[in-house]
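So the protein lines, in turn, are chains A and B. When we follow my numbering, the leftmost residue of the first sequence carries the number 1, and every step to the right adds one. When we follow my numbering, the leftmost residue of the second sequence carries the number 1, and every step to the right adds one.
The set of hints was computed from the structure by calculation and includes no laboratory data. Careful, some of the hints might be misleading.
Computed cross-link-like contacts, BS3-like style, restricted to lysine-lysine with a CA-CA straight-line distance of at most 30 Å [said to hold, decoys possible]:
{"no.": "1", "chain 1": "B", "residue 1": "LYS80", "chain 2": "A", "residue 2": "LYS209"}
{"no.": "2", "chain 1": "B", "residue 1": "LYS176", "chain 2": "B", "residue 2": "LYS188"}
{"no.": "3", "chain 1": "A", "residue 1": "LYS209", "chain 2": "A", "residue 2": "LYS181"}
{"no.": "4", "chain 1": "A", "residue 1": "LYS181", "chain 2": "B", "residue 2": "LYS14"}
{"no.": "5", "chain 1": "A", "residue 1": "LYS181", "chain 2": "B", "residue 2": "LYS136"}
{"no.": "6", "chain 1": "B", "residue 1": "LYS182", "chain 2": "B", "residue 2": "LYS136"}
{"no.": "7", "chain 1": "B", "residue 1": "LYS188", "chain 2": "A", "residue 2": "LYS209"}
{"no.": "8", "chain 1": "A", "residue 1": "LYS102", "chain 2": "A", "residue 2": "LYS209"}
{"no.": "9", "chain 1": "A", "residue 1": "LYS102", "chain 2": "A", "residue 2": "LYS3"}
{"no.": "10", "chain 1": "B", "residue 1": "LYS184", "chain 2": "B", "residue 2": "LYS136"}
{"no.": "11", "chain 1": "B", "residue 1": "LYS26", "chain 2": "B", "residue 2": "LYS14"}
{"no.": "12", "chain 1": "B", "residue 1": "LYS80", "chain 2": "B", "residue 2": "LYS26"}
{"no.": "13", "chain 1": "B", "residue 1": "LYS277", "chain 2": "B", "residue 2": "LYS231"}
{"no.": "14", "chain 1": "B", "residue 1": "LYS188", "chain 2": "B", "residue 2": "LYS231"}
{"no.": "15", "chain 1": "A", "residue 1": "LYS102", "chain 2": "B", "residue 2": "LYS14"}
{"no.": "16", "chain 1": "B", "residue 1": "LYS136", "chain 2": "B", "residue 2": "LYS176"}
{"no.": "17", "chain 1": "B", "residue 1": "LYS26", "chain 2": "A", "residue 2": "LYS209"}
{"no.": "18", "chain 1": "A", "residue 1": "LYS181", "chain 2": "B", "residue 2": "LYS80"}
{"no.": "19", "chain 1": "B", "residue 1": "LYS80", "chain 2": "B", "residue 2": "LYS182"}
{"no.": "20", "chain 1": "B", "residue 1": "LYS231", "chain 2": "B", "residue 2": "LYS176"}
{"no.": "21", "chain 1": "B", "residue 1": "LYS188", "chain 2": "B", "residue 2": "LYS80"}
Looking from chain B toward chain A, a few residues come up when the C-beta cut is under 8 Å (computed) [what the hints assert, rightly or not]:
{"no.": "22", "residue": "GLN85"}
{"no.": "23", "residue": "ASP94"}
{"no.": "24", "residue": "PHE104"}
{"no.": "25", "residue": "PRO105"}
{"no.": "26", "residue": "ASN108"}
{"no.": "27", "residue": "MET111"}
Cβ-to-Cβ under 7 Å is the rule here; a few derived chain B residues that face chain A [unchecked claim]:
{"no.": "28", "residue": "LEU58"}
{"no.": "29", "residue": "ILE60"}
{"no.": "30", "residue": "GLU79"}
{"no.": "31", "residue": "LYS80"}
{"no.": "32", "residue": "ASN82"}
{"no.": "33", "residue": "PHE87"}
{"no.": "34", "residue": "TYR99"}
{"no.": "35", "residue": "HIS257"}
Glycine included, every Cβ here is placed at the ideal spot set by N, Cα and C.
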Amino acid sequence: MDKPYDNRAWFLVLPVLAIVAFSAVIPLMTVVNYSVQDTFGNNQFFWNGTGWFRELLDPTTDLGGRVRDSLWRNLLFSAIILAIEVPLGIAVALAMPREGWKVAATLVLMAMPLLVPWNVVGTIWQVFARGDIGLLGYTVNRLGIDYNYVANPLAAWVTIIVMDVWHWTSLVALLCYAGLKSIPDAYYQAARIDGASRWAVFRFIQLPKMRRVLIIAVLLRFMDSFMIYTEPFVVTGGGPGNSTTFLSIELVKLALGQFDLGKAAAMSIVYNLIILAVCWVFYTVMTNLDVERRRPPTTA
Amino acid sequence: MARIELSDLAHSYKRGASAPADFALKPMNLTWRQGGAYALLGPSGCGKTTLLNIISGLLIPSQGRVLFDGRDVAHLPTEKRNIAQVFQFPVVYDTMSVYENLAFPLRNRGMAPGAVDERVREIATLLDLTGDLQRKARGLTADAKQKISLGRGLVRPDVAAILFDEPLTVIDPQLKWELRSKLKALHKALDVTMIYVTHDQTEALTFADTVVVMHDGRVVQVGRPDELFEKPAHTFVGYFIGSPGMNVIPASVAGNHAHVAEATIELRRSYDIPSGKRIEIGIRPEFATLAQPGEGLPVTVERIDDLGRSRLARLRLREHAVAAGVPDALGDIGGTAGLILHPDHIHVYADGELLEGRA
Numbered sequence: 001m002d003k004p005y006d007n008r009a010w011f012l013v014l015p016v017l018a019i020v021a022f023s024a025v026i027p028l029m030t031v032v033n034y035s036v037q038d039t040f041g042n043n044q045f046f047w048n049g050t051g052w053f054r055e056l057l058d059p060t061t062d063l064g065g066r067v068r069d070s071l072w073r074n075l076l077f078s079a080i081i082l083a084i085e086v087p088l089g090i091a092v093a094l095a096m097p098r099e100g101w102k103v104a105a106t107l108v109l110m111a112m113p114l115l116v117p118w119n120v121v122g123t124i125w126q127v128f129a130r131g132d133i134g135l136l137g138y139t140v141n142r143l144g145i146d147y148n149y150v151a152n153p154l155a156a157w158v159t160i161i162v163m164d165v166w167h168w169t170s171l172v173a174l175l176c177y178a179g180l181k182s183i184p185d186a187y188y189q190a191a192r193i194d195g196a197s198r199w200a201v202f203r204f205i206q207l208p209k210m211r212r213v214l215i216i217a218v219l220l221r222f223m224d225s226f227m228i229y230t231e232p233f234v235v236t237g238g239g240p241g242n243s244t245t246f247l248s249i250e251l252v253k254l255a256l257g258q259f260d261l262g263k264a265a266a267m268s269i270v271y272n273l274i275i276l277a278v279c280w281v282f283y284t285v286m287t288n289l290d291v292e293r294r295r296p297p298t299t300a
Numbered sequence: 001m002a003r004i005e006l007s008d009l010a011h012s013y014k015r016g017a018s019a020p021a022d023f024a025l026k027p028m029n030l031t032w033r034q035g036g037a038y039a040l041l042g043p044s045g046c047g048k049t050t051l052l053n054i055i056s057g058l059l060i061p062s063q064g065r066v067l068f069d070g071r072d073v074a075h076l077p078t079e080k081r082n083i084a085q086v087f088q089f090p091v092v093y094d095t096m097s098v099y100e101n102l103a104f105p106l107r108n109r110g111m112a113p114g115a116v117d118e119r120v121r122e123i124a125t126l127l128d129l130t131g132d133l134q135r136k137a138r139g140l141t142a143d144a145k146q147k148i149s150l151g152r153g154l155v156r157p158d159v160a161a162i163l164f165d166e167p168l169t170v171i172d173p174q175l176k177w178e179l180r181s182k183l184k185a186l187h188k189a190l191d192v193t194m195i196y197v198t199h200d201q202t203e204a205l206t207f208a209d210t211v212v213v214m215h216d217g218r219v220v221q222v223g224r225p226d227e228l229f230e231k232p233a234h235t236f237v238g239y240f241i242g243s244p245g246m247n248v249i250p251a252s253v254a255g256n257h258a259h260v261a262e263a264t265i266e267l268r269r270s271y272d273i274p275s276g277k278r279i280e281i282g283i284r285p286e287f288a289t290l291a292q293p294g295e296g297l298p299v300t301v302e303r304i305d306d307l308g309r310s311r312l313a314r315l316r317l318r319e320h321a322v323a324a325g326v327p328d329a330l331g332d333i334g335g336t337a338g339l340i341l342h343p344d345h346i347h348v349y350a351d352g353e354l355l356e357g358r359a
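With the rest of the complex left out, here is chain A (with noise of 0.2 Å):
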C-alpha cells in the first residue's frame, strides 16, 4: 500500500513548536544568552565568549572547583538512594498484600509521603532529627550514639538520605506493585508445577515482569534527586561546611546569592546537559536490551 505524502501535514506540528518555543526555547535562549556575557547592574551586559564555561569546568578555578565537588556529591547521593530505594522498594512490593479491604489500605498509607510538599518533608525531618526536641534525634543521642547533623557531615548525609528514602520508596514500591499486580495467576501455578523454588519465581517471573516499571523508577528516582534541592537545603542549608551542597544548592547561591547572573546561566546549561546525557545513556541502554532480546523469529 503507497503511503499518501503531503508535507502540508508539517502545518500541523506548528501549534505545537509554538507553545514549546514560549514555555521551553525561547527562557533557554535567555539563559544561553546571559551564559555567554557579564554584568554588573545597570542592565549593562559585557561580551565574555566561552569564558564562564572555560572556568566553570575548569576545577583548578574557584568555581570550577565547587561545581565539580557538588557533581560528584550529587553523583554520590544518587547512587545512593538508588542503591537502597530500588531494591527496598522491591521487597516492600513483594511484601504488599494481593487481596481484600488491606489493598486500599496499604496503598493509602504508602502514598502519604508522596503526598507531602518537599518542604514540608524537609522541615518535618529538621525537626524530627534535631537532638534536643526532634524525636529521632534525641532517642538516637540517648542510646548512646553521637548524632548531630549539624556539625557532623556524616551524620548530615545519613539524615537526607534516610529522609529521601523515607519520602520515595513507596514510589518505587508502588510502580513495581503495579508491575507485580499485573502478573497472571497462570505465571504462579505455573511455577509451582515446575517445582520452582521462592527465589527462582523472584528471579525468573517478578523481576523480568518487573522490569519496565523498574526503568521508570530507575529514571524517575535519578533525574529526582540528581535535581534535589529543597529537602537538604531546609535540613541543612547545605552544610556543614559545603558537606552537603548539591549543584542545585550552588546554583541558587551563585544566581540568588552572589548574582553572578552569567556563571549561573552558563552552570544551568552545563548541568542541564549533564541530566539529558545521563538520561540518554540509560534511555539507550536499557532499550537496547529490548531490542536485542526482542529480535523478530529467522525462518527456519
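Following the hints, complete the assembly by docking chain B onto the known chain A.
Positioned in the frame of chain A, the structure of chain B alone reads:
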C-alpha cells in the same frame, strides 16, 4: 504413573457453604485409571478447571479425598504430587531460552545434566522446537510459546498424570490438529494418564478414549465417545454432544408407549414412570427422518439446511424445535410434513436423567 481416585470430593469457593448452589463442584466419586486418555468436557463455568486444579493441588478441596494409587494427597502441595499441568494461555519464562524453559522443571527436581539434555532434546524433537532451542522465549509467537508450555508439561518422565487445561485455545486451527494428534501419539508412547479439559466436543472426542462430561458442577456421564453419542445419560449430554444436539421433546410415557403431540409412539422397552417428574423423550437428528405429510408425527418445516453430503430439516413439532434428516428420495418439501422417529434410538428422561426401561 498412578491411578487417581476422587472420593466424596466437593468444592466451594465460599466458606461454610451448605446450599448446593454454593458448590462449584458437587460431591462426586470418580476414578481415572492409569494410562487413560481422558477428556473433561463441559461448557464454560461448569467446574472443569476447578476439578483439574484440585487434582494438581493448586486448589485444596473443601471436602473429600484425592487418592493417587490409594494415597490421599488432597492436602499435599502441587510440588509434592508429581503432576504436570498445561494452562490455557502460554506461560513461558521470558528471560530464559527455549532450552532452559524445557529444562526448568527437570533442573528444579535435581535431575542430572546429561539426563536433562537428553530429555529436553527428545521433547523438542516431538514438538518441532529443535531449531529454536537456543532462542530467547520472549520473542516467539503465541503458537511457539504454547508449544513450550506443552513441552514443559511433557518433559518430566515420571509424572502421575499430565493435565491439560484447554491448551490449544490460542493455537491456529491447522496446527491445532497437528498438535492434538501429537498429544495422542505421545499418550500411546508414554503410557501416562492424560486429562484434557475442553469445551469443544470435537477436541474431546478425537483426543480421548474416555470422555467425562460435566454440567453445573456435576459429572453427568463418563463413557466412550460412541456411548455418549448413542446413549446420553443426561439430556445435557445429548444436547452438548452432536451437531446439532439431540432433540428433546416433552412427552408422557406409560408402559411402552410415548404420547407426543397427540400421536402415540411405540417404544422398544417399557418404563416405570416416577411421579412428579418432567418426562421427555430424546432422539438424535441422525435417527429422526422427515417424511410425507400423514406419516409419523405432524410437523411444520421451518427450513432445510443443505450440508453438502446430507440435508437437515429444522422443524417445529407444536412449539418445540426439532431437527431431522431429510432422505434424498424426498425431494423438495415445505409447509406441513411428517416426522418418523426410529424407536431403537428413543431414550426416555425424567428430570433430565436417563431412565433404563425393562425389556
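Would you pick out the hints that fail for this structure and give their numbers low to high? Those not satisfied are hints 7, 9, 17, 27, 29, 31, 32, 34, 35.
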